[in-house]
Amino acid sequence: MVKASFALLKSAAAAAASTGVAKSLSEILVCPLSKQPLRFCEETNSLVSDAIGVSFPIKNGIPCLAPKDGKILGSDADDDRTKSDDAADPASANRDS
Amino acid sequence: MASSLHFPVLCLHGGRLNRDRRTRGATRCSSERQALFGRIAPVYDNLNDLLSLGQHRIWKRMAVSWSGAKMGDCVLDLCCGSGDLAFLLSEKVGPHGRVTGLDFSKEQLSVASSRQRSRAKACYKNIEWVEGNALELPFPGSYFDAITIGYGLRNVVDKPKAMREMCRVVKRGCRICVLDFNKSTQPSTTSFQEWMIDNIVVPVATGYGLGKDYEYLKSSINEFLTGKELEKLALESGFSNGKHYEISGGLMGILVATR
Numbered sequence: 001m002v003k004a005s006f007a008l009l010k011s012a013a014a015a016a017a018s019t020g021v022a023k024s025l026s027e028i029l030v031c032p033l034s035k036q037p038l039r040f041c042e043e044t045n046s047l048v049s050d051a052i053g054v055s056f057p058i059k060n061g062i063p064c065l066a067p068k069d070g071k072i073l074g075s076d077a078d079d080d081r082t083k084s085d086d087a088a089d090p091a092s093a094n095r096d097s
Numbered sequence: 001m002a003s004s005l006h007f008p009v010l011c012l013h014g015g016r017l018n019r020d021r022r023t024r025g026a027t028r029c030s031s032e033r034q035a036l037f038g039r040i041a042p043v044y045d046n047l048n049d050l051l052s053l054g055q056h057r058i059w060k061r062m063a064v065s066w067s068g069a070k071m072g073d074c075v076l077d078l079c080c081g082s083g084d085l086a087f088l089l090s091e092k093v094g095p096h097g098r099v100t101g102l103d104f105s106k107e108q109l110s111v112a113s114s115r116q117r118s119r120a121k122a123c124y125k126n127i128e129w130v131e132g133n134a135l136e137l138p139f140p141g142s143y144f145d146a147i148t149i150g151y152g153l154r155n156v157v158d159k160p161k162a163m164r165e166m167c168r169v170v171k172r173g174c175r176i177c178v179l180d181f182n183k184s185t186q187p188s189t190t191s192f193q194e195w196m197i198d199n200i201v202v203p204v205a206t207g208y209g210l211g212k213d214y215e216y217l218k219s220s221i222n223e224f225l226t227g228k229e230l231e232k233l234a235l236e237s238g239f240s241n242g243k244h245y246e247i248s249g250g251l252m253g254i255l256v257a258t259r
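Going line by line, the protein sequences match chains W and Y.
Take the first sequence: its position 96, counting from 1, is numbered 96 in my numbering, and each next residue is one higher.
Take the second sequence: its position 6, counting from 1, is numbered 6 in my numbering, and each next residue is one higher.
Certain hints may be false.
Stated by the list, open to error - The calculated lysine to any residue pairs, modelled on SDA-like cross-linking and capped at a C-alpha distance of 25 angstroms, are: (1) Y:K125 <-> W:F40; (2) W:K59 <-> Y:Q116; (3) W:K35 <-> Y:R117.
Unchecked claim - Far from chain Y, by Cβ distances over 12 angstroms, these chain W residues were calculated: (4) N45; (5) G53; (6) G74.
Since the hints were made in silico from the structure, they are not lab data.
Note that the structure is a prediction, hence the values are computed from the model and not measured.
Each residue gets a CB set at the ideal place from its N, CA and C atoms; glycine is no exception.
Excised from the complex, chain W in its bound form:
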């Protein structure tokens, strides 16, 4: 139980640090395609280009801003399907994030 608590704390600290880095970077980063400002979305932990409606993920605190990393916003069916798959399979919760 102590180990689990420690792991949880460590994960929370890493997530907080990641958020801090992402927020700081979002001040300087722009969309690689439109060169317009990006908005940090805490809910999805991503950087959003409102100019072209694309979001770019942040993984392990590192923004992934190659054009190929962009995901078109509003592909909600895909998002919902992914979320329900994750809920059904606990192992998938440890995928790259």
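Put chain Y on the given structure of chain W with help from the hints.
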């Protein structure tokens, strides 16, 4: 003098094939390249040290020095890999400066990030890593006080575009420094480079299971630009001047260009 070991395969961005390749070094797609970078990431730093007898550290210090980066500056290291140049820049700009390291390999960035966490110097906290594409930089125009790119330009499939992007994001009056192998116009230097690759680099890389990848180094250098061609490219890309310096007996070169 051993050559520095930096990944030789040309980078393919956007899935385009370079149909003009005449050598066995056929252009690989971006995803294959990324997989390869991922594979060499764990041994990349050790091999660099081994094959250059540690001299790559000197070349990189020169590049950082000539970039003009100074205390408090905001700087970029492009194709940062495991972060060698970024760490040197971090020391130069200090805790009130800012270093951004961009690379397209998440594995290399993971190594860079781990190295940052394991290092004690407070100034290293000023480095932030970004996964991205050198041809589509996610930075606003005229933002950086200096840019370095070490052993990256040779591996980019569209060098003019990469140079134009660097010119876009560096501030007017500021410099970029491009460190890479020198494509020499002296036959003796070229012969020596090729001998080093055939007899030292490839055999050592083979010991790490990476021999096939490093066989491409010769053709990669052969297809790179000479110093004069790099200077011309700098002017064509929007820089006000460009000067190429041969170092290490002509084996390596540094292009310094000012916007």
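Now the hints, each set against the structure:
1. Of the pairs offered as hints, the one joining K125 (chain Y) and F40 (chain W) holds, with about 21 angstroms between alpha carbons and a cut-off of 25 angstroms not exceeded.
2. Note on K59 (chain W) and Q116 (chain Y): the hinted pairing holds, with a Cα-Cα distance of about 17 angstroms set against a maximum of 25 angstroms.
3. With a CA separation close to 31 angstroms, the supplied pair K35 (chain W) and R117 (chain Y) exceeds the 25 angstroms bound.
4. The claim that N45 (chain W) lies off the interface holds: its Cβ sits roughly 14 angstroms from the closest Cβ of chain Y, which is beyond the 12 angstroms cut-off.
5. Even its closest Cβ contact with chain Y, about 16 angstroms, leaves G53 (chain W) beyond 12 angstroms, as expected for a residue assigned away from the interface.
6. Look at G74 (chain W): its CB is around 22 angstroms from the nearest CB on chain Y, clear of 12 angstroms, so calling it non-interface holds up.
Hint violations for this structure: number 3 only, all remaining hints satisfied.
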